[in-house]
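Knowing the structure of chain V, use the given hints to seat chain W on it.
So the chains spell out like this:
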Amino acid sequence: MSEFALDAQGIGISFGGLKAVQDFSMRVPAGGLYGLIGPNGAGKTTAFNLLTGVYSPQSGQVHVAGQRTDTLRPHEIAKAGLSRTFQNIRLMGELSVLDNVLLASHMRGRHSIWRTILRTPRFVAQELAMKRRAMEVLNVFALDRLADEQAKGLPYGDQRRLEICRALATEPKVLLLDEPAAGMNPSEKKTLAKSIQRVREMFNVTILLIEHDMGLVMDICEKITVLDHGVTIAVGTPAEIQANPKVIEAYLGEPGEAATSPAQDAGGAA
Amino acid sequence: MKPLAEHIRAITPREAFRPVVMFVPWIVCVLVALGMHTLAPLVVDDYWVNVLRRIGVFIVAAVSLNIVNGFTGQFSMGHAGFMAIGAYIGGGVTYYGSLMLHGSVGDPSFQTHGVLLMLGGVAAAGCVAAGAGYVVGLPSLRLRGDYLAIVTLGFGEIIRVLLELTTKQLYTREEVTLGALFKLPLNGPTGFERIPGYASVFWIFLFASITCLIAYRVKQSSSGRAFLSIREDEIAARAMGVNLTKYKVRAFVLAAFFGGVAGALYAHTGVNPSPTDAGFQRSFDIIIMVVLGGLGSISGSVLAAIILIALPELLRDLQQYRLIVYALLLIIMMLVRPQGLFGVREIWDFFGKKNRPTSKEESNP
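Line order of the protein sequences matches chains V and W.
First residue of the first sequence? That's 3 in our numbering, and the numbers climb one at a time after it.
First residue of the second sequence? That's 301 in our numbering, and the numbers climb one at a time after it.
Derived from the structure by calculation, the hints contain no laboratory data.
A hint or two may mislead.
[Stated by the list, open to error] Computed cross-link-like contacts, DSS-like style, restricted to lysine-lysine with a CA-CA straight-line distance of at most 25 Å: (1) W:Lys302 to V:Lys196; (2) V:Lys133 to W:Lys302; (3) W:Lys468 to V:Lys175.
For reference, chain V alone in the conformation it holds in the complex (with noise of 0.2 Å):
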């Protein structure tokens, strides 16, 4: 049993020839907020993958929350405590803001088919407390006004957002962010910092996030992990991470090689 919300240990996989990610180790106390940075194609979003079962890890344990997750099925990981975003928005798009966070709340009740032909008081009871819960996870985003539209019709903003909520509502101990802040601007960034710190005490739960804004990261990730290539080249804070030379060197090239422009790597998607 381990004290770590997340404790992820050597876990890998590649395909074909290709290592997308490997060794990968992380390991995030209850209530922290760790970030997880790296160049475009340096095998981020894979990581969070093999955490929520998407990809069964080749090698390597994960637990959350001190339950083993790494050999169960995504479902059984969300069940488990782990919840996440998408970086490319994957919002049930022909439901409603309601049903999308409903949806969420769903595996915290029990749906005998049964009870849901008869309606029975029991059902009533349930669908109505996830209603109240859904609407108030919502208000966290001020989405609640918002709730009978159609997810696809949202702005693009809001959509981040709801898929925050959405990863909410299933009552997770861990919450991973695939970068939240993507397409933002900065004044939306801003907002957002705030709402992810919010979150945090609110619903007493873990966070690790991939992004890449630089200034988001630094200004509210405790302890950082960057990945190149699939390998953990530096683990630290923000301050050991931005000092680092094997960090600056992933992102802007070796000293003397020409180099990308790191507001390049801000703006792109892994």
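For chain W alone, coordinates are given in the frame of chain V:
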């Protein structure tokens, strides 16, 4: 923030127990069926009453297929197979049940018992078809899109061939014993004849409205959202804790159950169910209804079933050209409204939302 369990505890019994929500819709179903049964013969002639019975049967079939194809987004092309299983089981129970209990089939003096036999047959048909649905649902976990369509198409054809291979006779009073029934005397390729037409407008529309009610309740529930989420995005659904295996199989079993019910009713409308009823032609007919009505829309399926059964009858005057007109209408429809009549929505979503209870008031029927 409080977890869901605490929210549930906070809800009072008064809030949770809603007799109007629980019981009234069932009564409405009975009233609809009674209304149809009394009014239909007054308004139209016998021929159209028969068309009406067909419409009811296909409402059950289309709405149930909608659970798999529409809600869950798994393209099943074998629904006629479930219907045929239902038709033969239902017909078999009534036919051989009457023979063994009464000595003859379709005797007017045995009518009440016959109808009870039919209802038993409907239940048995639903259960056996649901079992078949479970078996067909299992490969759907590994197969997607076209591949699943091919497997389910194959299932329908297997049922058709199996029915053709049944013993080519229907036993009479003297021949029938429980043991003899294991030889499946279902008259092979000729079709199951002489099933009495016990399924009156009342029974058919009772089952049709109950099917719609159940489908609607499922759609407006957690299970329904799980179904729809599988259709929208499997990866996101899994990440939100939806057990894909469980819900895909659940959708198949539910759909197959009501497919079986539709088949059993169909067998009692004075037709002779034959092996071709399990074939792909019939499956396509039902798929067209679901797609035309809108994948995921229950009222859409109902309306499409009405249109697609009634239309060929109305076009009868055009004789052999009616199939061309029918096909043209479908093509035009798909060009004008590719999402079907109502898309994923219901017919009442298109009218003013103010004067009717919406999900906000949590008073869905």
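Inset, instruction - Please work out if Lys302 (chain W) and Lys196 (chain V) have their alpha carbons no farther apart than 25 Å. - result: holds (21 Å)
Legend entry - Agreement of Lys468 (chain W) and Lys175 (chain V) with the hint, judged by alpha carbon distance not exceeding 25 Å: violated (64 Å)
Legend entry - Given pair status - Lys302 (chain W), Lys133 (chain V), alpha carbons within 25 Å: Roughly 13 Å between the alpha carbons, so the hint for Lys133 (chain V) and Lys302 (chain W) holds.
Figure legend: structure checked against the earlier numbered hints; the only hint not met is number 3.
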